[in-house]
Amino acid sequence: MIPARFDYDVAESVDHAIELLGAGGGDAKLLAGGHSLIPALKLRIARPAKLVDIGRLADLSYVKDGGTHIAIGALTRHAAVAADDTLAEHCPIVSFTAGQIGDPQVRHCGTLGGTLAHGDPASDMPAVMLALGADLVARGKGGERVIPATEFFTGVFETALAPDEVLVEARVPKLAGSTGWSYVKANRRAQDWATVGVAALVHRDNGAIAGASIGLVNMGGTPLRAKAAEDALAAGSSAADAALLVTDGAEPPSDHAGSSEYRAHLAQVMARRALEQALGD
Amino acid sequence: MRHVALTVNGTRHELDLEPRELLVYVLRERLGLTGTNVGCDTSSCGACTVLLGGESVKSCTLLGVQADGAEITTIEGLAGDGELHPVQRAFHENHALQCGFCTPGMVMAAVSLIEHGEATDEAAIRLGLEGNLCRCTGYHNIVLAVQQAAGVMERAS
Amino acid sequence: MSATEEKTAYVGSPVKRREDQTLLTGRGTYVDNMAPVGTLSMVVVRSPYAHARVKSISLDAARTADGVVAVFSAADLQDDWKAAMPCAWPVTEDMKNPPHYPLTDVARYQGDGVAVVLADTRAHAKDAAELVEVDWEPLDAVVDVATALEDGTPLAHPDLGTNECYVWRLDTDATGQAIDEAEVVVTRRYYQPRLIPNAIEPRAVLAVPGAAGEVTLYAATQIPHILRLLVAATLGMSEAKLRVVAPDVGGGFGSKLDVYAEDLLAVALARRLGRPVKWTEERSENYVATIHGRDFVTEYTLAATKDGTITHCRAKVTAAMGAYLQLVTPGIPLLGAWIYAGPYAIPNYSVEFTGVFTNTTPTDAYRGAGRPEATYVIERTMDALAEELGMDRVELRRKNFIKEFPATIGSGLTIDSGDYVASLDKLLEHLDLDALRTEQAKRRENGGPRQLGIGFSTYNEMCGLAPSRILGAIRYAAGGWEQATIRYLPTGSVQVITGTSPHGQGHETSWAQIVADQLGCDIDAVEVLHGDTSVSHAGLDTYGSRSLPVGGVALCYAADKVIDKARQIVAHQLEVSADDLDYANGTFTVKGSPDKEMTVAAAAWAAFAAHDLPDGMEPGLEATATYDPPNFSWPGGAHAAVVEVDTETGDARLVRYVAIDDVGTVVNPLIVDGQVHGGITQGISTALYEEGTYDETGSLLTANLVTYLVPSAAELPSFELDRTESRSPTNPLGVKGVGETGTIAAAPAVINAVLDAVSHLGVKDIQMPATPERVWRAIQEAKA
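Residue numbers (the working numbering), protein chains in the order written: chain A, 1 to 281; chain B, 1 to 157; chain C, 1 to 784.
Everything labelled a hint here was simulated from the structure, so no lab data went into it. Using N, Cα and C, we set each Cβ at its ideal position, and we do this for glycine too. A hint or two may mislead.
Derived SDA-like pairs: lysine to any residue, alpha-carbon spacing no greater than 25 angstroms straight-line [what the hints assert, rightly or not]: (1) A:227 / A:249; (2) C:16 / B:152; (3) C:16 / B:76; (4) C:16 / B:81; (5) C:96 / C:476; (6) C:96 / C:152; (7) C:126 / B:29; (8) C:403 / C:723; (9) C:126 / A:49; (10) C:764 / A:261; (11) C:783 / A:277; (12) C:126 / A:249; (13) C:16 / B:93; (14) C:126 / A:39; (15) C:561 / C:617; (16) A:50 / C:131; (17) A:64 / A:147; (18) C:126 / B:16; (19) A:174 / A:279; (20) C:126 / B:18.
Residues on chain B that point at chain A, a partial pick, calculated with CB under 10 angstroms [to be verified]: (21) 5; (22) 19; (23) 40; (24) 41; (25) 42; (26) 46; (27) 52; (28) 53; (29) 58; (30) 60; (31) 62; (32) 65; (33) 109.
With the sequences and hints as input, model every part of the structure.
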């Protein structure tokens, strides 16, 4: 319950944070809301030499209408994302899901950028970003680059961010009014991580299903897209039939919340329900 | 050591903190505000909940240095002039506490929930208290108390 | 005549708790809130292995770390212990009790302490603890209670040559008919999960040494008096030199009913170093270093005639002791030994308990202790028997209820009072079973994924520990009496000193209600003192739902003595015979001259001034009573759970819970309901959420509050409570215990409901807790 010693710097700007990270030589960690990092520090599971606190960079806390997309600053707290009217209008799956993360206290502190950069396959929002095909904007010494969400999550607690890069923004598409969406998760207690979570978007063209995208939580080492199920749905399969395919390529873990076999089954059930919800059935 | 200024229950404190000092220990051991309790080490139980800028947070999951410049309210700062806050009063009237250890955190979480307009009905209150664990009461009377306090605070505002 | 019969104003009223103001404003006195100048922080270095020998240990790096004052290994402190850590309940003459000490060089469970660090701050002590270097030789571990006695299983204590700790039996053979010869015999086997108590305040101790060899131990404990006795005995110090204070204590549920290594270390090291020593447990540490509960395998048999008259019950229990015997570890099964027939009249009775050692955290009392284990197997098997007989589950229960009280039961004890039929009838009134059955049938017909189940648990239990002679007969080391003192101060306020030690139960309020009624004074005139051995000199503390039926009753007898003395004083002052005085509501009046009166409070002043007392009477108005109950306390009742099961995911959620309890006279309905709410919740969460599990090496998998699921408000419904009231004839208040009833009753009601929800799919058994995966698998297996 007491972290090991570390050095601590407050970043005055993103560039300053990048500089401080660079000076930390790979042994420095960014601290945003801290709700993934500090629990690990307390148990001394994480022992970084230095923390770079970007929590005060108020200019990274925003939700902006970017025309075709909505831009969300990386330091926007989950509670602010959940309560945001622009998102509720144009990309409600994001605001809805933000309201499902952790508990109210966590949502008052935890940030969108933090939960994405942490790379936890059991977190809710990464799978939503995958399903949305979001773009994640990282800034490093050489400037900004856009990393598609599909390329961002590289392993358990691993992302495409370089050690001295800062995730600054997520860009999510504006959903058409005809796009159905759903995020469902199975967990034991409300505060628990998802045993399995499913984010589903169903795009319609003149009422017919034109395509679907499905993101899976806690079904492998990274959040996953359920491509086989998406393709089946686009090709005319029923939600029930398509949902059976969500386990293709998944490697669900076994832990206290359920075995791999159970998770696979649960994912199929949750995917069917998510698709049915998204389809408005 | 890092020099920080915290305003706690309306009083400004300037402190030199080790960066690793958790806010809850700053409150308890530096400022002597032992009303905020530590019940776990995994950010699960909510016993350490305080208000930071008016919002409920788990003070075991913030570094003291992160709170530099912040306004914090702890259980000790909730009651004014010997009068219990409506949430405290409702907890008393509904026997919503037994051993009292989770109580400060539960009360602060409830205050935040009500002030954010989220204590709309029993289901919302139950879900809104998902981050606070109590082992004595089975939550039954806590939920009653929060419902009562929400009504009182709404009428007052 | 007892004074209780004369006035009841406060008893029975929902008096709001006087404890609340302090706790609600953050001014509680929990041990970790205290920090005398110069306090050293203590951290225990623990074994990461379930079974391992310390080949070597190096303390050098830790000793030279920042802020460190001292570091000790097991060998360094061995001479400090004059006895091994205490077990107060050698349940059989040949019970095996391998000695253990606060620190060890052979770890027998994950979390066993091997060294201790003392430093100026908590952070420095934690830092230094990481620098203690231990060279471990891991040994084979035994983990599973069910297989601990099989040949070839590793031994927790190889020197013993077995993992068996004891075998204890209780058999009656009332009718001479063998169980196997009965018309219908149903046998089921159950596993009851290991439970981690999780009082929200972890344990904490602070030992403050004085200049003359005395020590004050502030402890988050349920048992300051027992702790004083046993810490002093273990350290070989004078009991009179040790003061134990239990300040505000943040819940216990049995987990703070023990003598722990850290209690002994703190006192020993405070004496050695001459400085206050404080240890505060962290939650993850609590998961390995504080006792666990349950971990029972039970084979239970009911036998009956074809018409549903139950003739036999038999329980064969294998109970995990864990690695060592803590204070009452081996006695836990025995606390349920006499109630394996439940509230049913079953003449033939047989129980057999086998205690086994495993390389796990020791088990001990956790809420209900022995009785939830009994009720669970009885109530599960009652449903199974009903199915076997083709009888309605409720009617089978009703038919077999004990109906005449007092009732001497098959196990040989006598139930003081009860009315199980009345509780069941009231339950059915609240439940509206017909409507539920209709809804259930509709859902089954629709075949949707959300199925409804209704489960019952009718129960009784024995608590109020306990008649000392019976405790002696079953080899418990101490008695079960309780002491109370009532002291009238000169100006009319009243000090009540109790030997009970509350940690959330509201004794200050309830005891004031009782005493104010007895003495006819205002409740605000009564102050209740407890939890400090220098104030409450004698007592046996709080556990086993004993505080009210033993400690509360002691108050009545102390009040009787106070009133008797006051009567002598009043008679003397009014110059009448004591027999000519009537007493009511705190005032004596002279028979036939109602204008001649004198209050107890006025007598208190007269007793203080001592100007004019009867010849030979000592000044002062104060009395102490020590009450040894003639019988256990026997609450009972009828509970029902309604659950919704998602048959696709296996997720079972409680939607309704109705509890009708009979706990005798209710002193404070607010507090009694609160006890029932909390008790039920722990039973529900045993049924649906909580389970401590180890891997095969003895490493705890559910090692914190993330993986061990203590439910929040979001997982539970509000509860529906009502009562029936059968006064206990064994005490003047008519009270019974209430602290554990909910936990004893609830788990089988919930599991029976889960099974009822999926019985149409062919499911007959689901192991507790009914996790989504277990429910799903049960459905799959039934389909296959």
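Now for the hints, and whether the structure bears them out:
For the proposed pair residue 227 of chain A and residue 249 of chain A, the alpha carbon gap of about 9 angstroms is at most 25 angstroms, so the pair holds. Between residue 16 of chain C and residue 152 of chain B, the direct Cα distance comes to roughly 19 angstroms. Compliance with the 25 angstroms bound is thereby established for this hinted pair. Annotation: proposed proximity of residue 16 of chain C to residue 76 of chain B holds, straight-line Cα distance about 21 angstroms (limit 25 angstroms). With a C-alpha separation of about 22 angstroms, the suggested pairing of residue 16 of chain C with residue 81 of chain B holds against the 25 angstroms cut-off.
Between residue 96 of chain C and residue 476 of chain C the alpha-carbon distance is near 15 angstroms, which keeps this suggested pair within the 25 angstroms criterion. About 20 angstroms separates the Cα atoms of residue 96 of chain C and residue 152 of chain C, which keeps this hinted pair within 25 angstroms; it holds. Distance restraint check for residue 126 of chain C and residue 29 of chain B: the Cα-Cα separation of roughly 16 angstroms lies within the 25 angstroms cut-off, and the hinted pair is therefore satisfied. Between residue 403 of chain C and residue 723 of chain C the alpha-carbon distance is near 18 angstroms, which keeps this suggested pair within the 25 angstroms criterion.
Proposed proximity of residue 126 of chain C and residue 49 of chain A is supported: the alpha carbons are some 18 angstroms apart, at most 25 angstroms. Taking the CA atoms of residue 764 of chain C and residue 261 of chain A, the gap is near 22 angstroms; set against the 25 angstroms cutoff, the hint holds. For the proposed pair residue 783 of chain C and residue 277 of chain A, the alpha carbon gap of about 28 angstroms is over 25 angstroms, so the pair is violated. For the given pair, residue 126 of chain C sits about 44 angstroms from residue 249 of chain A by alpha-carbon distance, which is inconsistent with the 25 angstroms threshold.
Distance hint between residue 16 of chain C and residue 93 of chain B is fulfilled; the C-alpha atoms sit about 6 angstroms from each other, no more than 25 angstroms. Of the pairs offered as hints, the one joining residue 126 of chain C and residue 39 of chain A holds, with about 16 angstroms between alpha carbons and a cut-off of 25 angstroms not exceeded. About 14 angstroms separates the Cα atoms of residue 561 of chain C and residue 617 of chain C, which keeps this hinted pair within 25 angstroms; it holds. As the CA atoms of residue 50 of chain A and residue 131 of chain C are separated by approximately 21 angstroms, the hinted pair is consistent with the 25 angstroms bound.
Restraint check for residue 64 of chain A and residue 147 of chain A: the C-alpha separation of about 19 angstroms stays at or below 25 angstroms, so the hint holds. About 21 angstroms separates the Cα atoms of residue 126 of chain C and residue 16 of chain B, which keeps this hinted pair within 25 angstroms; it holds. A C-alpha spacing of about 18 angstroms is found between residue 174 of chain A and residue 279 of chain A, which places the hinted pair at or below 25 angstroms, so the restraint holds. With a CA separation close to 15 angstroms, the supplied pair residue 126 of chain C and residue 18 of chain B stays within the 25 angstroms bound.
Using the Cβ-Cβ criterion of 10 angstroms, the hint placing residue 5 of chain B at the interface with chain A is not satisfied: the shortest such distance is roughly 13 angstroms. For residue 19 of chain B, the suggested interface contact is upheld, since its CB lies about 3 angstroms from the closest CB of chain A, less than 10 angstroms. Given hint, residue 40 of chain B at the interface with chain A, holds; its Cβ is 9 angstroms from that chain's nearest Cβ, closer than 10 angstroms. Here the hint on residue 41 of chain B is kept, as its CB sits about 4 angstroms from the closest CB of chain A, short of 10 angstroms.
Checking residue 42 of chain B against chain A: minimum C-beta separation of about 6 angstroms stays under 10 angstroms; hint holds. The closest approach between the C-beta of residue 46 of chain B and any C-beta of chain A is roughly 6 angstroms, which is under the 10 angstroms cut-off, so the hint is satisfied. About 8 angstroms separates the beta-carbon of residue 52 of chain B from the nearest beta-carbon of chain A, less than 10 angstroms, and the hint is met. Restraint check, residue 53 of chain B versus chain A: the minimum CB separation of about 9 angstroms is within 10 angstroms; hint holds.
Interface restraint check: residue 58 of chain B against chain A, minimum CB-CB distance 5 angstroms, threshold 10 angstroms, status holds. Here the hint on residue 60 of chain B is kept, as its CB sits about 7 angstroms from the closest CB of chain A, short of 10 angstroms. Annotation: interface hint on residue 62 of chain B holds; nearest CB of chain A at approximately 6 angstroms, less than 10 angstroms. For residue 65 of chain B, the interface hint holds, the least distance from its beta-carbon to any beta-carbon of chain A being 6 angstroms, beneath 10 angstroms.
Here the hint on residue 109 of chain B is kept, as its CB sits about 7 angstroms from the closest CB of chain A, short of 10 angstroms.
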